[in-house]
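> Each chain is listed here by its residues.
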Amino acid sequence: MNFKIRRAAKEDCKDISRMIMDLAIYEKMPDQVKISHEELERDGFCQNPLFECLVAEVPEEHKSNEGFTVIGYALYFYTYSTWKGRAVYLEDLYVMPEFRGTGQLRIGTALLSKVAEIGKKKQCVRLQLSVLNWNTPSRDFYAAKGAQDLTVTEGWHAIRFDGQNLDNLANEAPKD
Amino acid sequence: MMAADAIFVYVQELAEYEKLAEHVKVTQKDLEQDGFSKNPFFHGIIAEVPEQHKTKEGHTKIGYALYFYSYSSWSGRAIYMEDLYVMPEFRGKGVGKALMSKVAQLALAAGCHQLNFTVLDWNKPSMDFYLSQGSFDITASMGYHCMRCEGEALEHLAQP
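As they're listed, the protein sequences go chains A and B.
The working numbering applies: residue 4 is where the first sequence begins, and numbers increase by one.
The working numbering applies: residue 388 is where the second sequence begins, and numbers increase by one.
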């Protein structure tokens, strides 16, 4: 079976949204998904997009059980390290279960490599992502590609303000 | 342009504090190019004191926050705060809190739903500060690990 990796078009957002939900279900947090294909269309396909996306596509004769030909995606954006400069952050990498595997079918690897290649062309010196500690298949996948787990090796923790806590913090900002 | 030179000094000081000083490869020129061109890779805010309160070395710019816009496929636009730093002699006076609140305000104004950043687990003063302000540690509570690919591993990955 062959497959193609290409830049996502606006029309792909419904498929991407479907797979975002699949990934959230896999990560046991489906109730955390608050945005739909409409936000993806608005945020990824405007003049200054907030993210970029690649999709993996198979030919019609190899479509999924439910009839989908867009069967994987990688969503990423550009970030900055004050120590090293430009970087790429891989927000999501997902391939539908029936298209995963070894041997010829290495769609996840192809998507990841393409993101790395695109980042390299933009002089990015790092590719970063996060992975849930219980997600052994993904941890093994990234480790095999040479990724380091900075939480384990250097002690980095990810911290977040959202919802009411973010509002409260913002309300305490000094007046201009 | 003046801000880039101040930011560069503080980036190095923050790296010293985090015991990772040899990792700073960015130059002042990189900061000028990447942060102050048409489509900047980052944004910065500076904390400044009046002339009469300048430091021993004569600095009036005594802290900074550097951030950029990111994206969550679950909640949309977000802000990532890359650095927050206040010179040691100006700590304990609410400057760090003011800088962080300003970033939060800018985040909301831009339609962001999250303010994210990372902290080293041994950095107790910072960890305590952030948690006391209402943030939560998603590594400890949800199990997220920060992963990175760079150098040779990244080169290898980028082979078409």
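Just so you know, not all the hints are guaranteed correct.
Said to hold, decoys possible - Think about it this way: if two alpha-carbon atoms lie no more than 20 angstroms apart in a straight line, the pair counts; the simulated SDA-like pairs of lysine to any residue are: (1) A:K31 - B:I525; (2) A:K178 - B:I525; (3) B:K489 - A:K13; (4) A:K13 - B:R464.
To be verified - Chain A regions said to be covered by chain B (calculated; three or more residues, Cβ under 8 angstroms): (5) 8-18; (6) 58-68; (7) 152-162.
Note that these hints are calculated values from the structure, not bench results.
Everything numeric in this text was worked out from a predicted model, so none of it was measured.
No residue lacks a Cβ here, since even glycine has one placed at the ideal position from N, Cα and C.
> With reference to the structure, classify each hint as holding or not holding.
Each hint, compared with the structure:
1. A:K31 - B:I525: Holds, at roughly 15 angstroms.
2. A:K178 - B:I525: 30 angstroms, violated
3. B:K489 - A:K13: The hint is violated at about 34 angstroms.
4. A:K13 - B:R464: 18 angstroms, holds
5. 8-18: violated (count 0)
6. 58-68: violated (count 0)
7. 152-162: Three-residue rule met by the segment 152-162 of chain A, so holds; n is 10.
Violated hints, in rising order: 2, 3, 5, 6; the structure is consistent with all others.
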